[in-house]
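Produce the entire structure from the sequences given, and follow the hints as far as they go.
2 protein chains.
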Amino acid sequence: MVKQLRAARTRQALVLAAAEIFSEDGYALSSLPAISRRAGVSAGALHFHFASKDALAIEVESEARRSVERLVADRRQSAASALHLVVTVTRELLVAVATDVVVRAGFRLSVDPSRKSAPGFGCWWRAWVCEQLLRAQREGELAEGVSPDRVAAVIVAATVGFGLIGAGDLISSQHVEQFWSLVLPQLASPTHEFAGAARSDS
Amino acid sequence: MVKQLRAARTRQALVLAAAEIFSEDGYALSSLPAISRRAGVSAGALHFHFASKDALAIEVESEARRSVERLVADRRQSAASALHLVVTVTRELLVAVATDVVVRAGFRLSVDPSRKSAPGFGCWWRAWVCEQLLRAQREGELAEGVSPDRVAAVIVAATVGFGLIGAGDLISSQHVEQFWSLVLPQLASPTHEFAGAARSDS
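Heads up: the sequence lines are chains V and E, in that order.
For the first sequence, position 125 matches number 125 in the numbering used here, and the numbering has no gaps at all.
For the second sequence, position 171 matches number 171 in the numbering used here, and the numbering has no gaps at all.
Keep in mind that the hints were calculated from the coordinates and are not lab data.
Mixed in with the good hints, there may be bad ones.
Derived, one-sided and incomplete: chain V residues facing chain E with beta-carbon distance under 8 Å [stated by the list, open to error]:
{"id": "1", "residue": "Asp25"}
{"id": "2", "residue": "Leu32"}
{"id": "3", "residue": "Asp112"}
{"id": "4", "residue": "Pro113"}
{"id": "5", "residue": "Leu134"}
{"id": "6", "residue": "Arg138"}
{"id": "7", "residue": "Pro148"}
{"id": "8", "residue": "Val151"}
{"id": "9", "residue": "Gly161"}
{"id": "10", "residue": "Phe162"}
{"id": "11", "residue": "Leu164"}
{"id": "12", "residue": "His175"}
{"id": "13", "residue": "Leu182"}
{"id": "14", "residue": "Pro185"}
{"id": "15", "residue": "Gln186"}
{"id": "16", "residue": "Leu187"}
Quick list of the computed label-pair ranges, beta carbon to beta carbon [to be verified]:
{"id": "17", "chain 1": "V", "residue 1": "Gln4", "chain 2": "E", "residue 2": "Glu92", "range": "43 to 49 Å"}
{"id": "18", "chain 1": "E", "residue 1": "Arg70", "chain 2": "V", "residue 2": "Ala55", "range": "32 to 38 Å"}
{"id": "19", "chain 1": "V", "residue 1": "Asp25", "chain 2": "E", "residue 2": "Asp149", "range": "28 to 34 Å"}
{"id": "20", "chain 1": "E", "residue 1": "Gly145", "chain 2": "V", "residue 2": "Pro190", "range": "17 to 23 Å"}
Glycine included, every Cβ here is placed at the ideal spot set by N, Cα and C.
So, in structure tokens, the structure goes:
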């Protein structure tokens, strides 16, 4: 039991160290010795848990994705509308990118040119935003003439940009609020009481 | 003379090949042998022109920046206002990222985690957008309560996001137009006849 606990802790230390190094240096320049050193773990212990750098990256990516899926699940019940859910989740995703190194690494790996992985976080995020905007359209939340696909592309582009620049501390949550306060009045249908609702829920 | 011309052509072939490989694989995984092979040039000829991969990247970055500066200079005269100039240049920058491999590589190198270069294209772009928005504010083009700094962050984030995602052909100019049509009505002062002007100038 103690042994299992210790193994789980070692594994978690490795995932954290890998996330830190992936997000600082990018995938290509991250080395297994640097990761085991950062985790305070022997090379042998690393290889016991992860067969390769790819295996570590896959674990970081899945953990990041699970965190974001949890974040979505937590907000789904309380969100007053589909548009509302998109706004809340975007905000919280960017907070997670800034504060949780595993989410940040998962996010950055998905746009790292040296990691040509299977469809990563970026694809999932784009599909999710698109799905929510289609739902918003069906439920009459979007202004006339707004294309869910194009607006999804705008939201995804802004999220990717904020996520990438944000790690350098140049972006604060004020910037994300500015994005929504510029975009929402054109996006929401006139009957959708968005401005007030969007601000009071977080 | 013929010799100089041939040298200039070899140099240009190397810059182009480097830009292609940097933007496909990222800086860390790009190798000098792959670049000389792609350029159809011997390893010796590469080393005659560029002492290192870093020297090649610096040349790609400067050429990309010169292209964008030319693009700005070309539009400065005809733009009806500062806000106008920002919209036009953003559009044309994203067209250049999609169609000109040197601009695309310069853009991608500036957010490549494996290239911790001197302040790159991203910094220059952010400073330029901020400067134009401050000018727009001084000239009464911005709506009341709009913060030039925050709006600059939104525009830069969207540009970075579009530029990164766009290389995968998922983003068309329609998406960029969608961004501006969402953002401009909140951004421009009510007396700024933007919507019409923004659409007719390109």
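A quick look at each hint next to the structure:
1. Asp25: 6 Å, holds
2. Leu32: 15 Å, violated
3. Asp112: Result: holds, 7 Å to nearest chain E Cβ.
4. Pro113: With a minimum Cβ separation of about 3 Å from chain E (threshold 8 Å), the hint on Pro113 (chain V) holds.
5. Leu134: Since the shortest Cβ distance to chain E is 15 Å, the answer is violated.
6. Arg138: Result: violated, 20 Å to nearest chain E Cβ.
7. Pro148: Cβ of Pro148 (chain V) sits 11 Å from chain E, so the hint is violated.
8. Val151: 6 Å, holds
9. Gly161: 3 Å, holds
10. Phe162: Interface hint status for Phe162 (chain V): holds (5 Å vs cutoff 8 Å).
11. Leu164: Holds - the Cβ of Leu164 (chain V) comes within 8 Å of chain E, reaching about 6 Å at its closest.
12. His175: 4 Å, holds
13. Leu182: 5 Å, holds
14. Pro185: 6 Å, holds
15. Gln186: 5 Å, holds
16. Leu187: Hint on Leu187 (chain V): holds, closest Cβ of chain E at ~6 Å, below 8 Å.
17. V:Gln4 <-> E:Glu92: 43 to 49 Å: For Gln4 (chain V) and Glu92 (chain E) the Cβ distance comes to about 59 Å; the hint is violated.
18. E:Arg70 <-> V:Ala55: 32 to 38 Å: 46 Å, violated
19. V:Asp25 <-> E:Asp149: 28 to 34 Å: Given range 28 to 34 Å: holds, Cβ gap about 30 Å.
20. E:Gly145 <-> V:Pro190: 17 to 23 Å: 21 Å, holds
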